[in-house]
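Participant: In the UniProt record's numbering, the protein residues as written are 1 to 274.
Bear in mind the hints are in silico, worked out from the structure with no lab data behind them.
Note that the coordinates shown come from a computational prediction; the quantities given were computed from them, not determined experimentally.
Beta carbons are placed, not taken as given, at the ideal position from N, Cα and C, and that holds for glycine.
Hints should not be assumed to be uniformly reliable.
Here are the computed distance ranges between Cβ atoms for each label pair [stated by the list, open to error]:
1) A176 x L30: 18 to 28 angstroms
2) A101 x A181: 45 to 55 angstroms
3) C177 x A45: 16 to 26 angstroms
4) V26 x C177: 10 to 20 angstroms
5) N191 x A104: 28 to 38 angstroms
6) A260 x A41: 39 to 49 angstroms
7) T234 x L186: 24 to 34 angstroms
8) A181 x M246: 43 to 53 angstroms
9) A260 x G42: 41 to 51 angstroms
10) A215 x D44: 13 to 23 angstroms
11) A176 x P247: 39 to 49 angstroms
12) P247 x G42: 49 to 59 angstroms
13) L30 x T234: 33 to 43 angstroms
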Amino acid sequence: MVSTRSLTSAAPPVTIAFLRYLIGVVMLGLPVLLAHRIRFAGKDAAAIAALGVLQFAVLIVLLNIALGSLSAATCALIFSTMPLVTLCLAVGLRQERFSMARLAGVSLAVAGVAVLLQATLKQDGSGSSDMTAMAALIGATLIGAICSMLYRPYVQRYAALPVSALAMLAAVLFLACLCVATGQPLAPSLNAVQWGHIGFIGLASGVGYFCWLWALSQLDASRVVAFQALGPITAAAIELLLTRAMPSWTQWLSMILVIAGLRLASVTRAKRTA
Numbered sequence: 001m002v003s004t005r006s007l008t009s010a011a012p013p014v015t016i017a018f019l020r021y022l023i024g025v026v027m028l029g030l031p032v033l034l035a036h037r038i039r040f041a042g043k044d045a046a047a048i049a050a051l052g053v054l055q056f057a058v059l060i061v062l063l064n065i066a067l068g069s070l071s072a073a074t075c076a077l078i079f080s081t082m083p084l085v086t087l088c089l090a091v092g093l094r095q096e097r098f099s100m101a102r103l104a105g106v107s108l109a110v111a112g113v114a115v116l117l118q119a120t121l122k123q124d125g126s127g128s129s130d131m132t133a134m135a136a137l138i139g140a141t142l143i144g145a146i147c148s149m150l151y152r153p154y155v156q157r158y159a160a161l162p163v164s165a166l167a168m169l170a171a172v173l174f175l176a177c178l179c180v181a182t183g184q185p186l187a188p189s190l191n192a193v194q195w196g197h198i199g200f201i202g203l204a205s206g207v208g209y210f211c212w213l214w215a216l217s218q219l220d221a222s223r224v225v226a227f228q229a230l231g232p233i234t235a236a237a238i239e240l241l242l243t244r245a246m247p248s249w250t251q252w253l254s255m256i257l258v259i260a261g262l263r264l265a266s267v268t269r270a271k272r273t274a
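Just need the whole structure built from these sequences, with the hints factored in.
Facilitator: What follows is the structure, given as structure tokens:
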């Protein structure tokens, strides 16, 4: 989110999303071409492509729009509620059983992210009341939660790698058409540092979403999405290591809440399947 926000003044949201997943699909496409060819059923291929457009195109465009007006901290906090949204949807649609312990674990993880970001949020006075950006952010969160549930049967039926590549390819084609239709450049004028951010985001997207889809083939969607709370915590830990600073009490509390919440959700799953 921080890298993407640094690009919002240099390139349109759709262009950033297009370049991000173009790099991701190239990286995933090479091993797919070298691996054993998997044939998708026609309706499955169409469904995976549609999910790819939603997950990798519509969601990211909405998130980029939000990052154009809201701080990265605000976006990270709202987006981190996705595990709760996913759990509620999964239970409501009867894809998962309701578990008070699972709900408590996910809530603890989200609370940990809120504690970590509270100081940054207090300092955020720029565009915090932009309702269009907030609506885009909420829409991105809902799409992420819905796609997390709908992907699972396909990554269980096929390997995660070809599913990831097909989904991203569909998104790249959609985004390319959207760029042309809206007059946004496919190759914007960026400096070396900005292209570095694009490359980093693209490579991280390819690896990250493959791991995410593989995890969805093994675990409940709400449990997989709960680990999203580790993102801000990991970023804070890396920053502390680079600056050789000691964690503040809020950072310690945040890490304890997130780790305890994820541990609680994981132990609940292990007991249920034992």
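Participant: Any hints from earlier that this structure breaks? Give me their numbers in increasing order, please.
Facilitator: 5, 13
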